[in-house]
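S.K.: Protein chains in written order, with my numbering: chain A, 1 to 276; chain B, 1 to 127.
Among the clues, some could well be false.
Stretch by stretch, here's where chain A covers chain B in the computed footprint (C-beta under 8 Å, at least three residues) [to be verified]:
| # | segment |
| --- | --- |
| 1 | 65 to 78 |
| 2 | 107 to 121 |
BS3-like cross-link-like pairs, simulated, lysine-lysine; straight-line CA separation at most 25 Å [as the list claims (entries may be wrong)]:
| # | chain 1 | residue 1 | chain 2 | residue 2 |
| --- | --- | --- | --- | --- |
| 3 | A | K96 | A | K61 |
| 4 | B | K104 | A | K27 |
| 5 | A | K27 | A | K61 |
| 6 | B | K22 | A | K150 |
| 7 | B | K104 | B | K22 |
| 8 | B | K104 | B | K14 |
Not close to chain A: a few residues of chain B, all C-beta gaps over 10 Å, as computed [said to hold, decoys possible]:
| # | residue |
| --- | --- |
| 9 | A93 |
| 10 | L94 |
| 11 | H99 |
Note that these hints are calculated values from the structure, not bench results.
Idealized CB from N, CA, C, for every residue including glycine.
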Amino acid sequence: MALTATAFEWVCTLVRRESAIVLEAGKEYLVESRLVPLARAAGAADVSAYVDGVRIRPDRKAQTAIVEALTTNETSWFRDGAPFTAFSTAVVPALKQARASTRSIRVWSAACSTGQEPFSLGMLLADSLLSEGWRADIIATDLSTEVLDKARAGRFSQLEMNRGLPAPLLVRHFTRVGTQWQVNDAIRKLVQFQQLNLTSSFAGLGQFDVVFLRNVLIYFDLETKRSILAKVRKALRPGGYLFLGGAETTLGVDEGWDRELIGRVSVHRPKNGGQA
Amino acid sequence: MRALVVDDSRAMRKIIAGALRKLGYETVEAADGALALAALQEGPLPDLATVDWNMPVMDGLTFVTQVRANREYRAMTMMMVTTEAEHGQIVRALAAGAHEYLIKPFTPEALEEKLALLGLLPEVAGA
Numbered sequence: 001m002a003l004t005a006t007a008f009e010w011v012c013t014l015v016r017r018e019s020a021i022v023l024e025a026g027k028e029y030l031v032e033s034r035l036v037p038l039a040r041a042a043g044a045a046d047v048s049a050y051v052d053g054v055r056i057r058p059d060r061k062a063q064t065a066i067v068e069a070l071t072t073n074e075t076s077w078f079r080d081g082a083p084f085t086a087f088s089t090a091v092v093p094a095l096k097q098a099r100a101s102t103r104s105i106r107v108w109s110a111a112c113s114t115g116q117e118p119f120s121l122g123m124l125l126a127d128s129l130l131s132e133g134w135r136a137d138i139i140a141t142d143l144s145t146e147v148l149d150k151a152r153a154g155r156f157s158q159l160e161m162n163r164g165l166p167a168p169l170l171v172r173h174f175t176r177v178g179t180q181w182q183v184n185d186a187i188r189k190l191v192q193f194q195q196l197n198l199t200s201s202f203a204g205l206g207q208f209d210v211v212f213l214r215n216v217l218i219y220f221d222l223e224t225k226r227s228i229l230a231k232v233r234k235a236l237r238p239g240g241y242l243f244l245g246g247a248e249t250t251l252g253v254d255e256g257w258d259r260e261l262i263g264r265v266s267v268h269r270p271k272n273g274g275q276a
Numbered sequence: 001m002r003a004l005v006v007d008d009s010r011a012m013r014k015i016i017a018g019a020l021r022k023l024g025y026e027t028v029e030a031a032d033g034a035l036a037l038a039a040l041q042e043g044p045l046p047d048l049a050t051v052d053w054n055m056p057v058m059d060g061l062t063f064v065t066q067v068r069a070n071r072e073y074r075a076m077t078m079m080m081v082t083t084e085a086e087h088g089q090i091v092r093a094l095a096a097g098a099h100e101y102l103i104k105p106f107t108p109e110a111l112e113e114k115l116a117l118l119g120l121l122p123e124v125a126g127a
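All chains should be modelled from the sequences, with the hints used to inform the complete structure.
M.R.: Dropping the structure here:
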């Protein structure tokens with residue numbers, strides 16, 4: 001599962017040669033998390049196998065894709081903005097009514113990478129629900145154990161903090177530790193991280209009110225997309241919500257969903273209330 | 001949209017103003033808080049001011065405080081763009097009236113995302 005030293009060194013050399021960006025030792029998690037989608041798309045068993053394939057049989061297009069994957073932006077907080085606005089202004093208020101008897105909601109951030117998405121959701125829930133005595137649980141999963149270790153630590157560099165995090169939320173929910181920022185325990189304890197391959201069973205995860213599954217389906221073939229979406233439907237409680245990436249849809253993939261527009265954001269809800 | 005870039009480093013003003021122009025802004029520049037206040041008096045009022053903290057004559061925090069004290073400037077959004085990165089400093093800047101805070105060094109994407117947060121991304125951006 002972990003990236004081999006040979007694969008890491010080869011990628012570092014490639015990226016340095018092509019982009020002059022230096023990946024230092026300790027950035028294995030970054031290499032792995034950024035290359036997972038490419039490895040998946042190529043049908044490789046894992047990132048090391050994918051890198052070995054490109055290394056042994058040089059492939060110009062694949063090399064460019066690797067360099068681009070490692071030199072484009074870090075993950076942002078509240079990435080794309082609008083889905084988070086829809087979540088806090090429409091979905092959470094609706095769930096407050098629907099779940100008034102249990103006063104508890106569960107959210108799943110699938111493919112959570114280094115944690116910006118689940119912590120962003122946590123900050124929104126802290127402001128909207130926890131202050132009113134509700135319970136919120138966020139389950140955050142990713143394929144890569146390296147990114148999960150980083151996410152679990154909840155520490156972010158200055159460059160990462162600059163990416164889309166509103167300053168009022170920074171001062172409220174983070175503490176500076178040396179040159180880094182630590183997410184405060186109140187938010188950190190809302191999020192439980194665990195390793196999960198989306199192609200495996202979701203049985204151990206339990207049921208959710210909201211699932212964020214953004215910008216990950218695009219890397220799977222149609223059959224795998226269909227199977228993942230069917231499993232997500234089963235993992236949603238009746239009346240639950242699915243958020244996909246801006247370029248992703250259930251249309252033509254899995255017909256068990258209704259689409260609802262919240263502002264400019266499409267949310268997907270299981271037909272007939274769910275539990276199909 | 002118009003932006004006033006306040007920074008005592010000419011190189012930094014160039015970087016920030018250049019990034020803003022790429023996003024569709026018209027920019028004016030000022031080398032310290034006092035010159036920035038003078039630019040505001042001349043008008044027209046910019047939509048945005050990016051404000052460095054440490055500057056000669058008048059620092060950024062004083063500038064932000066003085067702008068906030070003047071009702072005529074209420075429509076202008078202020079974002080600190082500074083190397084000052086202590087938690088307490090960000091708190092002080094927000095309390096003084098800054099709306100956002102971007103820490104140097106930053107990438108053009110980070111600037112764009114902050115402007116999106118503030119609802120100050122011109123329509124042409126990202127087109």
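S.K.: So, for every hint listed, does it hold in this structure?
M.R.: Taking the hints in turn, this is what the structure says about them:
With 0 residues carrying a beta carbon less than 8 Å from a beta carbon of chain A, the segment 65 to 78 of chain B misses the three-residue requirement, and the given coverage is violated. Check on the segment 107 to 121 of chain B: 7 of its residues sit with their Cβ under 8 Å from a Cβ of chain A, so the three-residue criterion for coverage holds. For the given pair, K96(A) sits about 49 Å from K61(A) by alpha-carbon distance, which is inconsistent with the 25 Å threshold. Among the hinted pairs, K104(B) with K27(A) is consistent with the structure: their alpha-carbon atoms are about 22 Å apart, no more than 25 Å.
With a C-alpha separation of about 23 Å, the suggested pair K27(A) and K61(A) falls inside the 25 Å cut-off, and the hint holds. Of the pairs offered as hints, the one joining K22(B) and K150(A) is violated, with about 34 Å between alpha carbons and a cut-off of 25 Å exceeded. Distance check on the hinted pair: K104(B) and K22(B) sit about 19 Å apart at the alpha-carbon level, within 25 Å; holds. For the given pair, K104(B) sits about 14 Å from K14(B) by alpha-carbon distance, which is consistent with the 25 Å threshold.
For A93(B), the non-interface assignment is contradicted: its Cβ lies about 8 Å from the closest Cβ of chain A, within the 10 Å cut-off. For L94(B), the non-interface assignment is contradicted: its Cβ lies about 6 Å from the closest Cβ of chain A, within the 10 Å cut-off. The Cβ of H99(B) sits about 8 Å from the closest Cβ of chain A, inside the 10 Å cut-off, so the non-interface label is violated.
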